Each structure stands twice: as C-alpha cells, then as structure tokens.
Amino acid sequence: GAVVSQHPSRVICKSGTSVKIECRSLDFQATTMFWYRQFPKQSLMLMATSNEGSKATYEQGVEKDKFLINHASLTLSTLTVTSAHPEDSSFYICSAGGGGEAFFGQGTRLTVV
Amino acid sequence: QKEVEQNSGPLSVPEGAIASLNCTYSDRGSQSFFWYRQYSGKSPELIMSIYSNGDKEDGRFTAQLNKASQYVSLLIRDSQPSDSATYLCATDTGRRALTFGSGTRLQVQP
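From first to last, the protein sequence lines are chains R and F. Start counting the first sequence at 1; every next residue gets the next number (our numbering). Start counting the second sequence at 1; every next residue gets the next number (our numbering).
Note that these hints are calculated values from the structure, not bench results. As the structure is a prediction and not an experimental result, all values here were calculated from the model. Ideal Cβ positions, reconstructed from N, Cα and C, are used throughout, including at glycine. Hints may be right or wrong, so weigh each one.
Stated by the list, open to error - Under 7 Å between C-beta atoms, here's a sample of chain F residues computed to sit facing chain R:
1. P10
2. S40
3. P44
4. G94
5. F100
6. S102
What the hints assert, rightly or not - Listing some non-contacts, in silico: residues in chain R with all C-beta distances to chain F over 12 Å:
7. V4
8. Q6
9. R10
10. Q29
11. T32
12. E63
13. K64
14. A72
15. T75
16. T80
17. T82
18. S83
19. E87
Given these sequences and hints, build the entire structure.
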C-alpha cells in the first residue's frame, strides 16, 4: 500500500519555541492531506485539511495562526506549531488519501516543557 | 452529542474467544464506516471498511453495519493476545477526512 512518512516521530521543545512536523507521501501524489491531533486516551480529532497550492482549511476551534500548515508540493505538507505551550503536547498524525484509502503517517509525539 | 460513540472499555476477553466491539454514529448521511486498530503510541491501521448494510468478513474479522439503527460493530474471532489494542470506529465526513470515535480498549488475556 501507499506509504506516508512523518518526521520527526518524537520531539521535545521548550515552551515558546516553534516546532515543524513534516508529512510526505512517498509513492503517490496527494493534493489533500489531513492533520489530526490525539490527546491521551482520546480520539483523533481533525485539525485541518491541507490543500496543495492553496490555504489550509481549519476546523472550528483550531487557531490557524498557531498551527501553520504549508502544502507546497504534491508530496509534502508541513505543520508548524508556533509558540508552543505545554497544552500543545499531544500526538500529531497526518494522513493522505481519503476515506478508506487514508494512509497515516507514523505520528509525532510532541512534548512541550 | 458525539458524532461517533464507542464504549471506552476496557473489554477483556480470554484468548480464543470472540470479542465484540460496538459503535454508534449520529450523522444519518454517513456512507462509509471503518474500523482501525491502534497500538499505544502508534498510528491507526485499517482493519475493515464497510459501506452497505449487513456483514462483511475478512479472516478473523467481521464488520456489521445497520444504517437504520446507526450502528456498526466489529467481531474478532479466535482473539489473540496480539489483538490487544484500542479499536477506533470512524466514518467518512464527506470531505474525505475521518471522524473517529474515542476508541475501545481490548485486552485479550492469555
């Protein structure tokens, strides 16, 4: 099946700094990618839809100025958590493809200290 | 009301038994339904997809869909300790993104 690679798998950063997470589709082109967030013992919640060549679409309650999404090519979407705070600590997961053909990245465990 | 609801568990079954996982959804317009397995600290992996009413079998797994009752279930036969994980029910929102339930933790006792 198609492979989606997400990097880094784990990151620890200091409060107030920014962190960039990359999501790459390795063997197919993805005009749309999705970013999810999962807090401990909770479900995956859609944060935003990343669209190649255009602005991302953010879900209600997700701050677009805090979670910057760039989808500059058909194989790469990035999520930058700006001015990270401890409450941003979570598991961030990207996916490419839709519905039952969604392929998930490995996830990024972000810890803000 | 949550869009996709699951009992958080844990559901504990002995090895070799049938594990039954249930899910209800609120959006009657949902057309596609999925079961994912997620190990701790890992991404979800697709187990089954189902699109029409009735049963769909794949190996030890059977998904059941009842759109009138807005109910989806997953049966795991001959449960193995390696099946111990959190099982997520999900529907396609129509925008191709997925709406997930909070998951049911399954423990298979050796």
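| request: Hint by hint, work out which the structure violates, then give me just those numbers in ascending order. | output: 1, 2, 4, 7, 8, 9 and 11
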